[in-house]
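There are 2 protein chains.
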Amino acid sequence: MFEKNMKISYLLDFYGDVLDERVRAVMDAYYDDDLSLSEIADGEGISRQGVRHLIKKGEEHLLFLEQKLGLAHHHGEIRASALSLLAVAERLKNGEIAPEVAADQITEVTNTIVSKGV
Amino acid sequence: MFEKNMKISYLLDFYGDVLDERVRAVMDAYYDDDLSLSEIADGEGISRQGVRHLIKKGEEHLLFLEQKLGLAHHHGEIRASALSLLAVAERLKNGEIAPEVAADQITEVTNTIVSKGV
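From first to last, the protein sequence lines stand for chains S and U. Going from the first sequence to my numbering is simple: count from 1 and add 78. Going from the second sequence to my numbering is simple: count from 1 and add 78.
Hints listed in this document are in silico derivations from the structure and should not be mistaken for laboratory results. Since the model is a prediction, treat every value here as computed from it, not as a measurement.
Quick list of in silico lysine-lysine cross-link-like pairs, DSSO-like style, CA-CA up to 30 Å: (1) Lys-135(S) x Lys-134(U); (2) Lys-146(U) x Lys-82(U); (3) Lys-82(U) x Lys-146(S); (4) Lys-82(S) x Lys-146(S); (5) Lys-146(S) x Lys-135(U); (6) Lys-146(S) x Lys-85(S); (7) Lys-135(U) x Lys-134(S); (8) Lys-146(S) x Lys-134(S); (9) Lys-85(U) x Lys-135(U); (10) Lys-134(S) x Lys-146(U); (11) Lys-82(S) x Lys-146(U); (12) Lys-135(S) x Lys-146(U); (13) Lys-134(U) x Lys-82(U); (14) Lys-146(S) x Lys-146(U); (15) Lys-135(S) x Lys-135(U); (16) Lys-135(S) x Lys-146(S); (17) Lys-134(U) x Lys-146(U); (18) Lys-171(S) x Lys-171(U); (19) Lys-146(U) x Lys-135(U); (20) Lys-134(U) x Lys-146(S); (21) Lys-146(U) x Lys-85(U).
Same shape as in the complex, but just chain S (with noise of 0.2 Å):
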């Protein structure tokens, strides 16, 4: 049996859009709707083996995407820069660095994020 795996079901928020259609169905059903493989295979008229067949061929193609474009680490990576960035501006705002330090920080925490390449 499968275990639900919670980064596949992240996986699929990046790049669910690229998987062939049926795929997509079963994936949504069985890691956004929480669904069996038994409910998925009534639902789609198919074997519980069919349904188990186009999950791990849709994790499959998933996990390649994402070992090939990183759109999901990269999305971490300028989340946490984005929090720094919010971080900065707010100690600025409250007086608590100065400026000419602030704006250093500024600078280098978005040549992180441009180098990123993201």
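Given chain S's structure and the hints, the job is docking chain U onto it.
Just chain U now, kept in the frame of chain S:
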């Protein structure tokens, strides 16, 4: 005949790793190394028509991926936001804007980055 499309060349930078190995080789030869169809055909040991077919297949795949994932488009947006942030940092450093104003601008641009969801 094709016209070489700079957009395709740009998308190749983003999604090239996802293409089938042979399609990738032909796309690289055509777009990056600027070889002719005949030269690529000779190198690959296939017909010009075969090369043309692989390039068309690659182009369709790249355009499909960009339509679904928008990585190149997002990259442009993130880059524009990054340039804004660097400009704010520069003005802050030069004392051309008040810290509070800079803080608000940084927060606004950063929230744009986050909301883009990349």
